[in-house]
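Chemist: This is what each chain is made of:
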Amino acid sequence: MKTPRISPETLRVLESFLERPTGWHYGYELSRETKLKSGTLYPILMRLEKHKLLEARWVATQDGVPPRHTYRLTPDGLELARTQSEEARSRWMVQQPALSRS
Amino acid sequence: MRDTSLRQAAALLLDYATRIAPPASREWGQAMRGELSFVKGPWAALAWAFGGASVMAKHALMAIFIPGRSQGIPPGDELFAKNVSLGKAALVAGAGCILIALLFFGAPPFRQAFRVALKPWTFIFQMASRNLQPGFENLAKRAEAQHDPEGLAFCAVRQQNSHESVRLAEEAVRLNPNLIWVYAVVGMRHPELDEVRPWIEKLERWDPQNSLFHLIEAESLDRFHFRRGVWTPPMREQEQAWQSAMAAAFQSPKFDDYLDRVAGLNRRVVPRYGFYDPYEVASRDQLDLPDTAFENSERFANSLLRTGEDLEARNDRKSALEKYWTVAHFGQTIDSQGRTGFEHLIGTSLQAMAYRQLQAFSVKGGDQAEATLFAYLAAKFDPLSGEQPGFPGESTFGLDTAKRNAAVVQISGLMILVFSGLLVIAAAILLVGGSASRRTPSAAQRAKPVATMVLLSSAAGLLFSSVTLYLTYRPYWYIFQSAIVTGGRSQARDLLFFLNDTKMPSGASPRVVNLLLHSLLYSGSPDFLFYVWTGVTLLGLIGLVLIFLRHFLGRPRVNRLQNHPRVP
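Heads up: the sequence lines are chains A and B, in that order.
If you use our numbering, the first sequence corresponds to residues 1 to 102, in order.
If you use our numbering, the second sequence corresponds to residues 1 to 568, in order.
A portion of the hints provided could be inaccurate.
As the list claims (entries may be wrong) - Straight-line alpha carbon distances no greater than 25 Å define the calculated BS3-like cross-link-like pairs of lysine-lysine that follow:
hint : chain 1 : residue 1 : chain 2 : residue 2
1    : A       : K35       : B       : K40
2    : B       : K380      : B       : K254
3    : A       : K37       : B       : K88
4    : B       : K448      : A       : K37
5    : B       : K88       : A       : K50
Said to hold, decoys possible - Looking from chain B toward chain A, a few residues come up when the C-beta cut is under 10 Å (computed):
hint : residue
6    : S25
7    : E27
8    : W28
9    : Q30
10   : G34
11   : E35
12   : L36
13   : S37
14   : A47
15   : G51
16   : G52
17   : S54
18   : V55
19   : K58
Said to hold, decoys possible - Pulled from the structure, derived: some chain A residues nowhere near chain B, Cβ distances all over 10 Å:
hint : residue
20   : T22
21   : G23
22   : W24
23   : R72
24   : P75
Please keep in mind that the hints were generated in silico from the structure rather than gathered at the bench.
C-beta: ideal position from N, C-alpha, C; glycine also.
Chain A extracted, bound-state conformation:
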């Protein structure tokens, strides 16, 4: 399978999911962990969900408070997240000496 091109922001979201790979995550919680604003975070979540890399569900809350959307990586999403994270780490390791020299 051809590896899709990935943006640094998406990588941050995937890595955030990897910290609790099987757990459910709220949008605001992801926003705080990744330091991404809602306008950047949600389009990423939408793309991941559209491509079945992420699953979402609604969670009821106390009366008067709207229900919350929570997210979890699917097995495909988990695999992609691990692959991308590894690739990015190795790329960074290669770049480090060059950057140190410069």
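Got chain A sorted already, so can you dock chain B onto it with the hints?
Modeler: Chain B in isolation, oriented as in the chain A frame:
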């Protein structure tokens, strides 16, 4: 209290944004709305809502411009490229705006409005090149090549170069002797020319009752004493000739300035040559009685009134009354048959002078009722305080509206140029960025998001400026068309006020501009303004290039460092 209000505002914003989003995206709007209750701090909640609303707005826009991509997610490799869909939507929206703006150029009112908007700049460069009527040269050549007497007459009556004007007029009359009235119109503009006197003789034979030729003759004699700007006292014979010309004018029963024939010429020649230049066609400033016609008429009227007083003193009341009525009748003739504001002014002023004298005459004769009538008429025709009747071409909009519309038109035209320039730069960056390698991103590639936004906002600005220019100029286009097609002069003065205001750069003081133009024409430094404006334009361009170079090439390449993962 404030916290609650801010949170409520944030919730309202997100609710509204969710409502306008396409159905497939609404669930995500509700998801962001659900999180809003858990965002810490009211300002953070508002920022969260703004972010969410922007996502929903983007999806709503994409649903409009790219139907079928309600979530804006492109397939394949572009899956994770941030803002790819937004960029495409922006490009499509920008292209739409540019297309609509370009369609405006298909409308003749818009093309004319655009030329009018750029008039201050073209006018200054025309001044610098000492060619104020560049269109006429070609028009006259075409008319000569086609042996078109009306085309030649059209150029002759508007040509500012007096010798060229004479040549064209004589050629037009040679081809069509019925156009002999062109001599009168050219004579009104250039009474100082030697050709005017033989023309007047011909015109007097052709239209013997018209006072216009005598006024031109008097003006010609008057200007003779001002040759080369130096006043030479008239000799006795010359003064007598002037008195005879004015006496003949005051005795003539008719006044015709032939402006209706000029209007007829416009109707036929303008469409024939497609010469839709409102400054040349609509302007009647030059097609009027000579400047000193007012002074000459007043001077001669005063001499008649003084003669009448002398006759009264000698108890020759009948002859005195005749003198007074000569002035009043001439005033009535000019007032009722004149077509320009200046002619009406001469007519009413002379009538006011005559009626005042007649009032005094009636008082001396003991006829109080007649004196009251003349007092009323004198007050009515007084140019300063009288109730002037409206005459064709009166202003409806007023000077302030003309000034404001002129400024709007000038700014819109300038903005069209600025936005077009920005569009070209943004398009060039996008083209260069698009062809560059993705693995080694160039400066142009890094600037692509900025260029996309510049392109979209410039396209929107271009469209807005075009719409503003079109809507503001449209009424003047109709006035202009009416003047050409029907010869109608309704609101012609509004058009003239507007055109005069568009001639000089917005905000510039007429006094300063006049001073500059005067120095340009008479100081022997014709290139001064040309160099100034060329310098300003070049400095602006260099500044723009420097800003772009500094922004896109001088910026540190931080993007290369952004791809590193967070090290566990």
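Chemist: The structure should be examined with respect to each hint, and the outcome stated for every one.
Modeler: Each hint tested on the structure:
Between A/K35 and B/K40 the CA atoms are separated by roughly 14 Å; this keeps the pair inside 25 Å, and the hint holds. Taking the CA atoms of B/K380 and B/K254, the gap is near 23 Å; set against the 25 Å cutoff, the hint holds. Note on A/K37 and B/K88: the hinted pairing holds, with a Cα-Cα distance of about 22 Å set against a maximum of 25 Å. Taken as a hint, the B/K448 and A/K37 pair is honoured in the structure, with Cα atoms around 22 Å apart against an allowance of 25 Å.
With a C-alpha separation of about 19 Å, the suggested pairing of B/K88 with A/K50 holds against the 25 Å cut-off. Given the 10 Å rule on beta carbons, the hint for B/S25 holds: about 8 Å separates it from the nearest Cβ of chain A. Because the closest C-beta pair between B/E27 and chain A is about 8 Å apart, less than 10 Å, the hint holds. Here the hint on B/W28 is kept, as its CB sits about 6 Å from the closest CB of chain A, short of 10 Å.
Checking B/Q30 against chain A by beta carbon gives a least distance of about 7 Å; that is within 10 Å, so the hint holds. A least Cβ separation of about 4 Å between B/G34 and chain A falls short of the 10 Å threshold, and the interface hint therefore holds. About 4 Å separates the beta-carbon of B/E35 from the nearest beta-carbon of chain A, less than 10 Å, and the hint is met. Taken as an interface hint, B/L36 checks out: its beta carbon lies about 8 Å from the nearest beta carbon of chain A, inside 10 Å.
Because the beta carbon of B/S37 sits about 5 Å from the nearest beta carbon in chain A, less than 10 Å, this interface hint is met. Look at B/A47: its Cβ gets to within about 7 Å of chain A, closer than 10 Å, so that hint holds up. A distance limit of 10 Å between C-beta atoms decides the matter here; for B/G51 the minimum to chain A is near 3 Å, and the interface restraint holds. Satisfaction of the interface hint for B/G52 is found here, the shortest Cβ-Cβ separation to chain A being roughly 5 Å, below the 10 Å cut-off.
With a least beta-carbon distance of about 5 Å to chain A, the hint placing B/S54 at the interface is held under the 10 Å criterion. About 5 Å separates the beta-carbon of B/V55 from the nearest beta-carbon of chain A, less than 10 Å, and the hint is met. Interface restraint check: B/K58 against chain A, minimum CB-CB distance 8 Å, threshold 10 Å, status holds. Every beta carbon of chain B lies more than 10 Å from that of A/T22, the smallest distance being close to 18 Å; the non-interface claim holds.
No beta-carbon of chain B is positioned within 10 Å of the beta-carbon of A/G23; the least distance is around 17 Å. Remark: the non-interface label on A/W24 is consistent with the geometry, its nearest Cβ contact in chain B lying 13 Å away (cut-off 10 Å). Chain B leaves A/R72 outside its interface by the beta-carbon criterion, the shortest separation being 14 Å against a cut-off of 10 Å. At the 10 Å boundary, the C-beta of A/P75 stays outside the reach of chain B, the nearest C-beta of that chain being 18 Å off.
Comparing the model with each earlier hint shows no violations; every hint is respected.
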